[in-house]
Amino acid sequence: MLEQYLDINPEVAAALAAGKPVVALESTIISHGMPYPQNVETALKVEQIIRDNGAVPATIAILKGRLKVGMTHEEIEYLGKAGLDVIKTSRRDIPFIVAKGVDGATTVASTMILAQMAGIKVFATGGIGGVHRGAQQTFDISADLQELANTDVTVVCAGAKSILDIGLTLEYLETQGVPVIGYQTSTLPAFYTRESEFGVDYQLDTPAQIAAAMKAKWDMDLKGGIVVANPIPEAHQLDRAMIDQVIADAVAEMDSKGIFGKASTPFLLAKVAETTKGVSLAANIELVFNNAKLAANIAVEYAK
Numbered sequence: 001m002l003e004q005y006l007d008i009n010p011e012v013a014a015a016l017a018a019g020k021p022v023v024a025l026e027s028t029i030i031s032h033g034m035p036y037p038q039n040v041e042t043a044l045k046v047e048q049i050i051r052d053n054g055a056v057p058a059t060i061a062i063l064k065g066r067l068k069v070g071m072t073h074e075e076i077e078y079l080g081k082a083g084l085d086v087i088k089t090s091r092r093d094i095p096f097i098v099a100k101g102v103d104g105a106t107t108v109a110s111t112m113i114l115a116q117m118a119g120i121k122v123f124a125t126g127g128i129g130g131v132h133r134g135a136q137q138t139f140d141i142s143a144d145l146q147e148l149a150n151t152d153v154t155v156v157c158a159g160a161k162s163i164l165d166i167g168l169t170l171e172y173l174e175t176q177g178v179p180v181i182g183y184q185t186s187t188l189p190a191f192y193t194r195e196s197e198f199g200v201d202y203q204l205d206t207p208a209q210i211a212a213a214m215k216a217k218w219d220m221d222l223k224g225g226i227v228v229a230n231p232i233p234e235a236h237q238l239d240r241a242m243i244d245q246v247i248a249d250a251v252a253e254m255d256s257k258g259i260f261g262k263a264s265t266p267f268l269l270a271k272v273a274e275t276t277k278g279v280s281l282a283a284n285i286e287l288v289f290n291n292a293k294l295a296a297n298i299a300v301e302y303a304k
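Numbering-wise, the sequence shown is residues 1 to 304 according to full-length UniProt numbering.
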């Protein structure tokens, strides 16, 4: 049934069939995360980092209504040039993008869904979505969290995006039974900074330990994903007081303009990049590179 919708890149399909390590990558970061040609250069470098660390990259998107698991360089180039014209696609959007035969860039949630369809267990991204600030009034909670509760994929990230309410995000994940692992850290990284005031559920210090926890969880049919929080490299982290103030100002501007829902994260990230004169974007790129390397290392251990 899935074959009528799903195209798995031949290299990815061969790796999966042979039990070799594969790492899924999202495409919203290409279309909505940064401008062309920087988005394409970053996407291709992330793929190369995964290859250099012994795994096969599978960048995921929807092109002309086809679910693509593993994209060619030409397809990544096409997506990067199309940019914001590509529809940001979460779980609810997938059937409509497919039915209309149009292009969709996958978020964390939809990338997890397509990765699971293909049989990929490890996914590298920048930061997960979560509970937005002021969600007590707005109920603005990312679909990423519900996907983590239900979909058996390990998501390697630099923590929750610091534009979110990190405390409430952790509470939601706990309620849904999603473990949050700190990679060589006992505190949750906050995307642009290496730590926050919040602790993780478990500190694990090697990719092999993480792979063993994945195997145990899914062998016992304990449904749902795992969050691996990997701190941004020290050389690239931003000053916490500075970034907190920039985000607070951006959130206030967003509220005054009445921006909400799926438009809120791209607005906030763009506003932070503009205010920091591109420093936050450079940090964002470095943390994605760092996450790709760890994800490949975990995928290699899990494949063993």
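Treat the hints as calculated values from the structure; they're not laboratory data.
Treat the hints with care, as some may be off.
With a straight-line Cα cutoff of 25 Å, these simulated BS3-like cross-link-like pairs (lysine-lysine) come out [unchecked claim]:
hint, residue 1, residue 2
1, Lys-277, Lys-20
2, Lys-223, Lys-304
3, Lys-277, Lys-81
4, Lys-81, Lys-64
5, Lys-20, Lys-64
6, Lys-271, Lys-257
Enumerate the violated hints, using their earlier numbering and listing them in ascending order.
-> 1, 5
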